[in-house]
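K.L.:
Here are the chains, one letter per residue:
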Amino acid sequence: MDMIKRIITKRSAKTGAPPGTLIHVGERKMENPRITVIDYNEKIFDEKQIEEVEECIPFKNRPTITWVNVDGLHDVSIIEKLGKCFNFHPLLLEDILSTEQRPKMADFGDYIFIIMKMLRYDASIDKIISEQVSVILGPSFVISFQEADNGDVFDLVRDRIRKGKGKIRKMGADYLAYTLMDAIVDQYFIIMEKVGEKFGGIEEDLVYNPTKERFRIAHELKRDVLLLRRYIWPLREVISGLERSESPLIKNPTKIYLRDVYEHAIQVIDTIEIFREMTASMLEVSLSSISNNMNEVMKVLTLIATIFMPLTFIAGVYGMNFRYMPELEMLWGYEMVWAIMISVVIIMLAYFRKRKWI
Amino acid sequence: MDMIKRIITKRSAKTGAPPGTLIHVGERKMENPRITVIDYNEKIFDEKQIEEVEECIPFKNRPTITWVNVDGLHDVSIIEKLGKCFNFHPLLLEDILSTEQRPKMADFGDYIFIIMKMLRYDASIDKIISEQVSVILGPSFVISFQEADNGDVFDLVRDRIRKGKGKIRKMGADYLAYTLMDAIVDQYFIIMEKVGEKFGGIEEDLVYNPTKERFRIAHELKRDVLLLRRYIWPLREVISGLERSESPLIKNPTKIYLRDVYEHAIQVIDTIEIFREMTASMLEVSLSSISNNMNEVMKVLTLIATIFMPLTFIAGVYGMNFRYMPELEMLWGYEMVWAIMISVVIIMLAYFRKRKWI
Amino acid sequence: MDMIKRIITKRSAKTGAPPGTLIHVGERKMENPRITVIDYNEKIFDEKQIEEVEECIPFKNRPTITWVNVDGLHDVSIIEKLGKCFNFHPLLLEDILSTEQRPKMADFGDYIFIIMKMLRYDASIDKIISEQVSVILGPSFVISFQEADNGDVFDLVRDRIRKGKGKIRKMGADYLAYTLMDAIVDQYFIIMEKVGEKFGGIEEDLVYNPTKERFRIAHELKRDVLLLRRYIWPLREVISGLERSESPLIKNPTKIYLRDVYEHAIQVIDTIEIFREMTASMLEVSLSSISNNMNEVMKVLTLIATIFMPLTFIAGVYGMNFRYMPELEMLWGYEMVWAIMISVVIIMLAYFRKRKWI
Amino acid sequence: MDMIKRIITKRSAKTGAPPGTLIHVGERKMENPRITVIDYNEKIFDEKQIEEVEECIPFKNRPTITWVNVDGLHDVSIIEKLGKCFNFHPLLLEDILSTEQRPKMADFGDYIFIIMKMLRYDASIDKIISEQVSVILGPSFVISFQEADNGDVFDLVRDRIRKGKGKIRKMGADYLAYTLMDAIVDQYFIIMEKVGEKFGGIEEDLVYNPTKERFRIAHELKRDVLLLRRYIWPLREVISGLERSESPLIKNPTKIYLRDVYEHAIQVIDTIEIFREMTASMLEVSLSSISNNMNEVMKVLTLIATIFMPLTFIAGVYGMNFRYMPELEMLWGYEMVWAIMISVVIIMLAYFRKRKWI
Amino acid sequence: MDMIKRIITKRSAKTGAPPGTLIHVGERKMENPRITVIDYNEKIFDEKQIEEVEECIPFKNRPTITWVNVDGLHDVSIIEKLGKCFNFHPLLLEDILSTEQRPKMADFGDYIFIIMKMLRYDASIDKIISEQVSVILGPSFVISFQEADNGDVFDLVRDRIRKGKGKIRKMGADYLAYTLMDAIVDQYFIIMEKVGEKFGGIEEDLVYNPTKERFRIAHELKRDVLLLRRYIWPLREVISGLERSESPLIKNPTKIYLRDVYEHAIQVIDTIEIFREMTASMLEVSLSSISNNMNEVMKVLTLIATIFMPLTFIAGVYGMNFRYMPELEMLWGYEMVWAIMISVVIIMLAYFRKRKWI
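So the protein sequences, as listed, match chains A, B, C, D and E. In terms of the working numbering, the first sequence opens at residue 1068 and continues consecutively. In terms of the working numbering, the second sequence opens at residue 1068 and continues consecutively. In terms of the working numbering, the third sequence opens at residue 1068 and continues consecutively. In terms of the working numbering, the fourth sequence opens at residue 1068 and continues consecutively. In terms of the working numbering, the fifth sequence opens at residue 1068 and continues consecutively.
I should point out that these hints are in silico values taken from the structure, not numbers from a laboratory. Incorrect hints may have been included.
Remember, identical chains collapse to one label, so a pair may be satisfied in a single copy or spanning two.
Unchecked claim - Simulated crosslink set (BS3-like; lysine-lysine; CA at most 25 Å straight-line):
#, residue 1, residue 2
1, Lys1230, Lys1318
2, Lys1151, Lys1232
3, Lys1230, Lys1265
4, Lys1279, Lys1423
5, Lys1115, Lys1148
6, Lys1366, Lys1318
7, Lys1115, Lys1237
8, Lys1232, Lys1110
9, Lys1421, Lys1366
10, Lys1234, Lys1151
11, Lys1265, Lys1279
12, Lys1230, Lys1115
13, Lys1232, Lys1148
14, Lys1318, Lys1171
15, Lys1421, Lys1232
16, Lys1318, Lys1232
17, Lys1151, Lys1322
18, Lys1194, Lys1237
19, Lys1265, Lys1194
20, Lys1151, Lys1230
21, Lys1148, Lys1237
22, Lys1237, Lys1318
23, Lys1234, Lys1115
24, Lys1151, Lys1237
25, Lys1423, Lys1366
26, Lys1366, Lys1194
27, Lys1194, Lys1279
28, Lys1127, Lys1148
29, Lys1261, Lys1232
Construct all of the structure, not just a fragment, from the sequences and the given hints.
P.N.:
Here it is in structure tokens:
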């Protein structure tokens, strides 16, 4: 049942509601939503956590770059107020709240809307966790929405802004949006390493000593790979859409960087495809390997049966209690029977050798 | 035989008839056709059930939005009259009546014709039921045709119009057509949840304890998934056709909404593909798992046979009734035989241990 | 050997001949070729069977629509004369005579040349028969060529012309050509029903009670489906080529009808793909099912062997004839042996229960 | 090892040489290269075998069509001189000498360069032989290069020129090039027939009586089909490249003929794809068939073992030599044992019948 | 674990660093980096090894062609200085240092950046080694970066420049870049030969005598083929991108040569695809072959068991020690039992012959 949850998020609650209706689809992943605002340019840096959405209005028209980050989506009113404040399209707000979206990109003219999947490996439950991250890129602002506080991924970006590392303070909002995307795609490489480790961990074993447990792991790996593919595959279009976009929101110098993320995404997809093909090959080889093992087992059984069944029969014959059995009375009868039995063994072995079984 | 019915609707009756001949192809799914007319704009709302097709003529040229819904297709004359009344192309009418159509979209200039499949899960027979819905979008009217009364799906839309929920009363006929499409696609998510549940229900079992019954379910799931794919796949083209259409019937604000339905459809298709791949993987793993089980069984058999066959043979030898068998007369003969037999067992076990069977 | 004939028609006779050489490639399927001419417009209708090709020359330049139908291709001279008469390209004539052509469409400017495959189910040999139909569409004439007299398919069209059913008498030669194509595609649905029936007939059985005979049928079905696919798949291009054609020979009103045939063809192709996937799934499931059955059989065998082999061995031991076997002399020896044997059985059964075999 | 040779021609000798270096890659297939020149137009016909490349220079600028055919490529100097004489690009000469090229087409402006594979079935070694044919088409000349003298294929063309059969004497150099291509593609049909025969020869057998030898043949067929595909697949692009070419070297009337060869190539490719799918299906069905057979065998074994093991055990019990075994002394003991044994058989048979094994 | 390393290079160290951060990702493959400068035109040739990056600055603006080759990437400062010196984009420098890049091509206007994979077969560890080669093509310079000193591949190029072999001294920097690419692609053919040899080495064996070891090799081959595909597949785009490029850096005469490398790359990809399909077929056939073998083994076992079990039972019956067993006392009892036993054998053999097992 767990699997369905991973493939299909229940949307039933929403069925029939008019489009643009704001309902949070997904689990509530944190207690209280948190809104952080970072406002900067080459010289200025201002960072604060705000309580009320309204507090971020003044930042809207400032020439500095403003990054509003919202952690936690279950409080629909926050999204609604933000939407009103910045005049966003209702469908956009609906998409932010529906956490089962495919990665996508939509150019609304005044702003560009991007949905991506952030992937995290949760060691405690040995599972890959996916969370939806929505990013709205405006002329001088970036608003990002996360289902929960995945602090450390975006913290690195925050840190770079704070300390003015790299070019980030010198570039516009588009570069900030790129940086967030880059941070997310960077995580994918870590996930790939995790999957690769699991993969490497069962590969040899599955081929040589297949057990139910290992088949279960292989099957789960395949499922994980399929799910990852689903999250990452549409990213190609998203990023190349941004790169080829003619929107004035994305300036040319940033496009080279987008090309770079694009290539990273392709690299991840390549790796996923290799895992997919390798899993198939692994199962195929393991099936052949099992059949081969069984063949060996059967040969041993047949060998033993074929040698001892006739012998036991012969012994059985002379174990019969007929009154008149001439052989029993013969002087060398016993020795002759042994001779016959040994001949049978030799003939059988010769036959098997001829058939290349031994 | 049931399966053929699900894949191929009998069209034989129609073979050879001139194109445009109106014959109802499909089952009769309700007693009497029912025609409902809803006429509205931002201020006006009028809803009634009509008996005669002619009654809807006056609505044709009113500036208000008119939605004519026809439930039940077996009464060909209704469709014919409607067709004459609105001056529809005969092939369009023929398509409405042929319930085995693929989802499609055709722009006739004055009106746009859309065919979709409405899917419903019928719990009583544990089956997914598909019904054809045809929608004709004109400048200020929408005419929809259903095979049977699937009330509740479109009722939600009716309710929204009645109560003026959302934007529907402020938008044109194109938005109404979109709303109907959206309602249909929303149903697909429910179907996907159903399939997902069935899937999750047998997955573990099929891999660990495969039985004929479970294989049957897996095979049926695969069939269902293939049929769903067939109904939903062409939807991509239909919706993107509408979205890219240059027809004045579809206004720009509605296109963003169409994009939204398009993305929902893609999401459903993605899920279908995952189910397809997972079913394949499931069968593959289960085959390996069965072979593996058999291997275990064979090893036990071979072990037992390999140990007891030689022993039984030895016992057989000394059960022979030859008059002259020196061993039988030996004082420690019996004990020696036991010693030999125990040695055989030890050697065999050592051999199996070496081959890693035990 | 029969299969090769169905996949590859012998063209060896033709190898090396200059292009445009008229040689009939294929079987002779009827005694004497038959040429029928129908000449009509909205008011006039004239139908006759002619003996000499030359008789159809006068029809060539009349404003009425002329349909010349040739049944039987083995008499090369007829095709040649017709070709000269209407000034057709030699390659076109060669194609008409080569009955192994793929469906194709070629626009020669003054006329359009179409090759299709007519499919018929021959109940007497339980096989699907394919025949090549070539159609040449000129400004006011249609010439059709069939390998044999498949009367009834085109007879329905003839009948419609005779009786003026539908629009056929009001439309041009392009509509007539469309009607012929439509009649051929309509046949495909009947073939699909036939295949579907065969399919449904073995599906259940193959999964539950696979036998050689059923595998043979499944394999043949797969072959049939592949062959059908080969005949029908190229049709998509043919029809969409006609639809998108800018030739003045095809008028706009006819294009909507061509779209309709196109959709029918796609529907048939969809069904073929489903059959293809279902056959694969069927074989896959049946393989799993067989392995599963074998597993059950093996478990029974192992159970029996594992219980009775030790027992038989014990009985064998006390069947030995050693002079000094203390147990034999014991008062309760026989009962003790039974006790041991029953313990063995209980232990074995417990072991099997633990492994979940019983 | 033979297979590598068929997939990869050793190019090691060439590694590191500057591009345009003329080295013959491939086997030497004939003793002495042979150069034939045919010069013709509608009225003139001149054919001779020349010793020195220089002899063909005078033909270069004549208005007549000149066909130079070179059999045997190992003498690099001939190719080099021809290249200088006609001023060909060094890479073109290199390609002619590298016999492992893919079919390709390159337009060098003044001339068009075409590489194709000629296939021949060599009955003596039961193998399909591929040879590279390069064709250079200039304004009034065609130069063709073959690895060996495959006389008869091009001889038919020569014969047509000599006798003025067909249009060949009336058309230009492009038509001659087409004719050569057509002759090569015609050979493919013969190869397909050969493969089809082999295929038909093992199909039935593989499904019903699979043996190692038959599996070997199936595997080899698959390999052959893959190799053929590799040779023929790129031809599509080559011919359609020529057809769509805007080079003045290819005149419009010839394009219809090129279309014809194109369709023949597609037909061959179609057939190859069918063989590919059929081979897969064949192996799949044969695997199921083998498993099915084994199931039957196992059932017989289990039946026999399950019936006779308990019986033998019972007999064993009463073969024991305990002093005190009350049953042995009973008057009807022997008959009772028989009764028990017969009951066991009946119970077992009933059990098997219930499980539908017999 | 080794496999993960081959599929995924650890990038974790880099995660979160701002783009353009120069960190060497990959193994350190040589002790000290080495920089070689070759400066040449048709008349001049100057070659030296330099210690400090700054030494190559004077070469930058000379009209002669300058080739700077850097072996060893772990010393980030070298790359950095070179980057500053030539004013390269920071992302380009980052890419050079990240050795897990996909082959790619980027046109930066003033220079073109190319990443390729050089493949080498290391006989000592029986593995294919891949190393990243980056090439920057400027108006009159080429800078190449290698992870280690793969001397001999580029040495051949150096030698050609030194000795003025071929056209290289007469052509520009683009031709030099092409020559390097050509040298790399030439290596692929050698790798293909190696894979082909391995492949040919196990093919026969896997089909006839499958062993675990051979399955392991097959699985590894499949993995190798997948990895090769990953390295070589993107090359198509890279080279065709260069060929279609409108950059003034690539002159027309060089494009014909690029076409040539392109075709070589396609040829390698073709071969990889054939290996992929052949490996699949090999495993498939080998699975059938194993099953077939097992079938043979099972038949022998069943034959032996079915013949000797009844015989042993009969012998067992007359080995019973009942006091009253009339048969035992019969004069011809023993001979009759033999007669019965022989009949049983004959019946069984007849049965088997009927079922075509013997």
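K.L.:
Now, for every hint given, state plainly whether the structure supports it.
P.N.:
Cross-check of the supplied hints:
| no. | hint | result |
| --- | --- | --- |
| 1 | Lys1230 <-> Lys1318 | within (24 Å within a copy, 46 Å between copies) |
| 2 | Lys1151 <-> Lys1232 | between (34 Å within a copy, 19 Å between copies) |
| 3 | Lys1230 <-> Lys1265 | neither (37 Å within a copy, 53 Å between copies) |
| 4 | Lys1279 <-> Lys1423 | between (32 Å within a copy, 14 Å between copies) |
| 5 | Lys1115 <-> Lys1148 | within (19 Å within a copy, 40 Å between copies) |
| 6 | Lys1366 <-> Lys1318 | neither (72 Å within a copy, 68 Å between copies) |
| 7 | Lys1115 <-> Lys1237 | within (21 Å within a copy, 41 Å between copies) |
| 8 | Lys1232 <-> Lys1110 | within (13 Å within a copy, 49 Å between copies) |
| 9 | Lys1421 <-> Lys1366 | both (14 Å within a copy, 16 Å between copies) |
| 10 | Lys1234 <-> Lys1151 | between (32 Å within a copy, 16 Å between copies) |
| 11 | Lys1265 <-> Lys1279 | both (16 Å within a copy, 23 Å between copies) |
| 12 | Lys1230 <-> Lys1115 | within (16 Å within a copy, 43 Å between copies) |
| 13 | Lys1232 <-> Lys1148 | between (33 Å within a copy, 20 Å between copies) |
| 14 | Lys1318 <-> Lys1171 | both (20 Å within a copy, 23 Å between copies) |
| 15 | Lys1421 <-> Lys1232 | neither (77 Å within a copy, 62 Å between copies) |
| 16 | Lys1318 <-> Lys1232 | within (21 Å within a copy, 41 Å between copies) |
| 17 | Lys1151 <-> Lys1322 | between (30 Å within a copy, 21 Å between copies) |
| 18 | Lys1194 <-> Lys1237 | neither (39 Å within a copy, 47 Å between copies) |
| 19 | Lys1265 <-> Lys1194 | both (11 Å within a copy, 23 Å between copies) |
| 20 | Lys1151 <-> Lys1230 | between (33 Å within a copy, 24 Å between copies) |
| 21 | Lys1148 <-> Lys1237 | between (30 Å within a copy, 23 Å between copies) |
| 22 | Lys1237 <-> Lys1318 | within (13 Å within a copy, 37 Å between copies) |
| 23 | Lys1234 <-> Lys1115 | within (22 Å within a copy, 37 Å between copies) |
| 24 | Lys1151 <-> Lys1237 | between (30 Å within a copy, 19 Å between copies) |
| 25 | Lys1423 <-> Lys1366 | both (11 Å within a copy, 16 Å between copies) |
| 26 | Lys1366 <-> Lys1194 | neither (43 Å within a copy, 35 Å between copies) |
| 27 | Lys1194 <-> Lys1279 | within (20 Å within a copy, 32 Å between copies) |
| 28 | Lys1127 <-> Lys1148 | within (14 Å within a copy, 42 Å between copies) |
| 29 | Lys1261 <-> Lys1232 | neither (29 Å within a copy, 48 Å between copies) |
The structure shown violates the earlier hints numbered 3, 6, 15, 18, 26, 29.
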